[in-house]
Amino acid sequence: MARFLLRYARLPSSLLVAAGLALSASAALAQDVIKFGAPLPLTGPLAPEAIKQQQGYDLWAEQVNKAGGIAVGGKKYKVEIVYSDYQSNTPRAVQTTEQMISQGGVNFMFSPFGSGAAKAASSVSERYKMPTIASTASSAQVYDQGYKYLFGTFTPNDTLTTPLTKIVKAKAPNVKKVAILARNDLFPLAIAQEMEKSAKANGFEVVYFEKYAIGTLDHSATLSQIKSQAPQWIFVTGYINDLLLVRKQMTDQQIKADVVSMIAGPAYQEFIDAAGQGGENITSAAWWHPAAQYNGKDIFGTTANYVKLFREKFKSDPDYAQASASVSGALFQMAIEKAGTLDKEKVRDALAATDVMTFWGPVKFGATGQINSLEPPVFQLQGGKAVVLSPDIIKQGEFKLGVH
Amino acid sequence: MTRANLILLALIACIAALPLFGGAYTLRLGTIACMYAIMALSWNVVGGFAGYPSFATAAFFGLGAYIGGVLLARGMPLAAAIPIAGVGSFLVAGLLGAALLRLRGHYFAIASLSLIEVFRELVNNATDLTGGGMGLNIPLAASAGVMADATFFFYLMWGVLLVTAVAVIAVSMSKLGFGMSCIMQNETAANMVGLNTTLYKSIAFGLSACFVGAAGGVYAAWVHYIDPSDVFDILYSVKPIVMALIGGLGSPLGVTIGAFVYLGLEEVVWRNYIQIHSGVLGVLIVLLLLFLPHGLTSLRGWRLWGRAKNV
Amino acid sequence: MLAAQILINALVLGCLYACIAIGFSLVWGVLNVINLIHGSFIVLGAYLAWGLYQSLHISPWYSLAVAAPLFFVFGYVIQRLILNRVITAPVLVTLTLTFGLDLILNNAMIYYFKADYRKLTLTPPMGSVSIFDVVVPVDRLIATVAALALTFVLYLILRRLRVGRAIVAVRLDRDAAILMGVKVNSIYAIAFGLGAALAGCAGVLMALIFPISPLTSTAYLGKAFVVCVLGGLGSVSGALAGGILLALIEGVGSAMIGPAHATTLSFVLLIVFLILRPQGLLGRKGFE
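Chains as they are written, first to last, in my numbering: chain A, 1102 to 1505; chain B, 667 to 977; chain C, 24 to 311.
Rather than coming from a laboratory, the hints here were simulated on the basis of the structure.
Some clues are possibly wrong.
As the list claims (entries may be wrong) - What follows is a set of in silico ranges between Cβ atoms, one per label pair, in the way DEER data are often shown: (1) B:LEU953 <-> A:ALA1454: 52 to 58 Å; (2) C:ARG108 <-> A:VAL1134: 35 to 41 Å; (3) C:SER82 <-> A:LYS1486: 48 to 54 Å; (4) C:VAL96 <-> A:ALA1168: 32 to 38 Å; (5) A:ALA1453 <-> C:ASP156: 57 to 63 Å; (6) A:ALA1453 <-> C:ILE105: 56 to 62 Å.
Stated by the list, open to error - Covered, in the sense of this in silico footprint (three residues per stretch, anywhere, with C-beta under 8 Å from a C-beta of chain C), are these stretches of chain B: (7) 678 to 685; (8) 695 to 706; (9) 821 to 827; (10) 905 to 917.
Model, not experiment: these values are computed from the prediction.
In this text, a Cβ means the ideal position worked out from N, Cα and C, and glycines have one as well.
Just need the whole structure built from these sequences, with the hints factored in.
Now the structure itself:
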């Protein structure tokens, strides 16, 4: 019987051994390198987002290493970013986070992409007391868990919707009725709920508020219904594909409105290219815009310098996703240098005490760890370009009415 | 008790020693291994014993995760939430089974596949209860340190696996198991000799959901955050089938080993083929079905082909 | 007016759904195989249309003529080399096998095309026509006509051609067809090839209307499932009836109870139909 058992046991155990060897090889840790773990959805539905994140982190690491590294107590450490693919699958993101911390020998972590995965993985970081910066998580629900080791570079969702509502109220007095259509998914739904709140608070009438399921192919029935309500402002949330689909079907149904706002597509060049003429006069808001003019104390210095470095490396303009990844690295760098040690507890305290100007804007974390010092720009697509409407210090143009 | 069943229990007992050897990540893999084994053993009850091609595993995994998650989030202790997740899944599946198991072959496969879709959308839209698309946060229980947590959840999942294995072995030796294999071989004849096939099938479907649901509850407590598209993932339905096909349909020992082999393959593929891992997984599935249709153990493989004739 | 608009939307969308489902239905009906690669075939067809338009400015209408033979050969080869080896195995095996094949094809597309969404935008855009306030987009209208034409061609093949009648014969009674001298394996491969060709053509048409990405394949597959079950298997008219019924359910459902519940409703209906009327609206009772 023992032989019988052995025959069964051999195959799986040899596989486990093989897996174990692969692990220990990657765990070898060089002394003068600081390792940052970055689990990213390099394959699967979120792959385009992962590539942006990777560009942001890579640019930062390259700049740091070019300048000799991060100075810790008189010694310079090079930066290494350890990437791992979690296949756009949240349980895998949690798993790979744990793997990086417990076996990959990383010193600090970046969160996986988006609010959902960042929230799921944050409990692992918390358990290991691992300072972690989330560069793409905005929902307050990510940060209100009472965790001490999680920091985020996106302001809460209402900081996007409130300035947008203010502009529409000031510049489009005819707008009375708002229709809101939201993707039933963490970030898009949360932002739609904020929109509803800020619309009501500013005296608009919300005549339509519905969610659509992830992966919806056809919005024609929904849009016909919205059309029959004749709203002057149509607000749609979702990701690039959803928003392109909705925009196309709005044209199909000949739906016109004074104001059409979409989050989060128009901040991306891909949306502008694919929407073409249909993108004209669509308004949106994002956490950062390359037109910003901040004079930072971080490794990148001014916003203009960041944009220039990015263009040199990637031959395209950065958007907020890439910039947020870069600033997350820069924030770690400043906190480590200030703490003068790689001790996780001390770096965590230095991060919590951050109060600094960066190319991303002024950075200060609130009690929950989420940034509370930024004023996100509102912009509008005009002539195939994103034109910043607010805040006033980076304003590029005037708000235009009418989306046809 | 047959030799294979004894070996299965011995194998599970050996797994309990894992915390002596590994760190937190090994324990995580161990927990997943137990979870996969629960899924494979459970699927085997309806798929291997009764011969119904169920694709509903993910539906009941998600259901259990949400029952457990919602209860835990409202402050119910783990010791109560997980049994409730298991029993709840059993009842829902038993009731659905009475209706769905009238269907056979492709129609049953499609109906069970659609259950995932229906459950996912129901959870997605019950925002007040489940958080909908925003996911459900399960509060972190007072943590006793990384290793203590990992060990705790490993043993919790292991415990569910042990209960699953004992239950499945008990079923296979009982009248119930005999009835199921009658149903698989010739349902009409089984019905004619006076077997209450509807009841038997409902129980089989319920059992296949019960432990998967409990595992879902443990999973929810373990990862602290679940959202509908993660737990109602169709892959959770396909994986147990692949495991069973690897290990040999119908044999509890075979499917359990199939689950461990599958996890090993998944880890190796995932580590080494980042860009093309799902394609590699597909190639493995295709090769397995074409060249190893009887799985690694051909103990009961004949059933597969025995059935082929009357489909 | 809103009701009329929703009705027209549903009719047009229903024909597109039928077009998505018809190849799937043919394969299921004739080979008794649930072909999970179908969704990825459609996406591949859409990429073909996109690539031809982008690089050579070939209009999607002409791409149909390229897609049909290409996908026929592709499907024929897959059936002959792989699927045929397990064609008599139980549903569990064939279903899992096509799942594996789908993983491969889908991953290959993600690897090659990346996961980001593309859009085939005709220049100039075709716009919409309106009759008494009811608006119909021209591209959808033309795609609908093309979808109907495709279904009609399939109908002619099955009714008028020798090979088509052999396909129907195999579907109705495999053993009798063998006795009558029909080469079943070759018929299986031709039917699978036809199914793939229809999927490829559907993809070309969908490229005009929906964004293109490997990730949309599951959405197409889901629609094909529901349409087949609602309308009944393997019949051309059944697919049309199922498509229009599904689009009506979705359209009226979104208007009455909100778009988030429309998908749920269609799948609940699918299960109810399976239990109460497994032969579908128009089909004969399917294989057990």
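Here is how each hint holds up against the structure:
1. B:LEU953 <-> A:ALA1454: 52 to 58 Å: Distance hint for LEU953 of chain B, ALA1454 of chain A holds at roughly 57 Å.
2. C:ARG108 <-> A:VAL1134: 35 to 41 Å: 52 Å, violated
3. C:SER82 <-> A:LYS1486: 48 to 54 Å: 30 Å, violated
4. C:VAL96 <-> A:ALA1168: 32 to 38 Å: 57 Å, violated
5. A:ALA1453 <-> C:ASP156: 57 to 63 Å: 59 Å, holds
6. A:ALA1453 <-> C:ILE105: 56 to 62 Å: 58 Å, holds
7. 678 to 685: Three-residue rule not met by the region 678 to 685 of chain B, so violated; n is 0.
8. 695 to 706: violated (count 0)
9. 821 to 827: violated (count 0)
10. 905 to 917: With 3 residues closer than 8 Å to chain C, the region 905 to 917 of chain B meets the three-residue bar; holds.
Hints 2, 3, 4, 7, 8 and 9, counting from the list given before, are not met by this structure.
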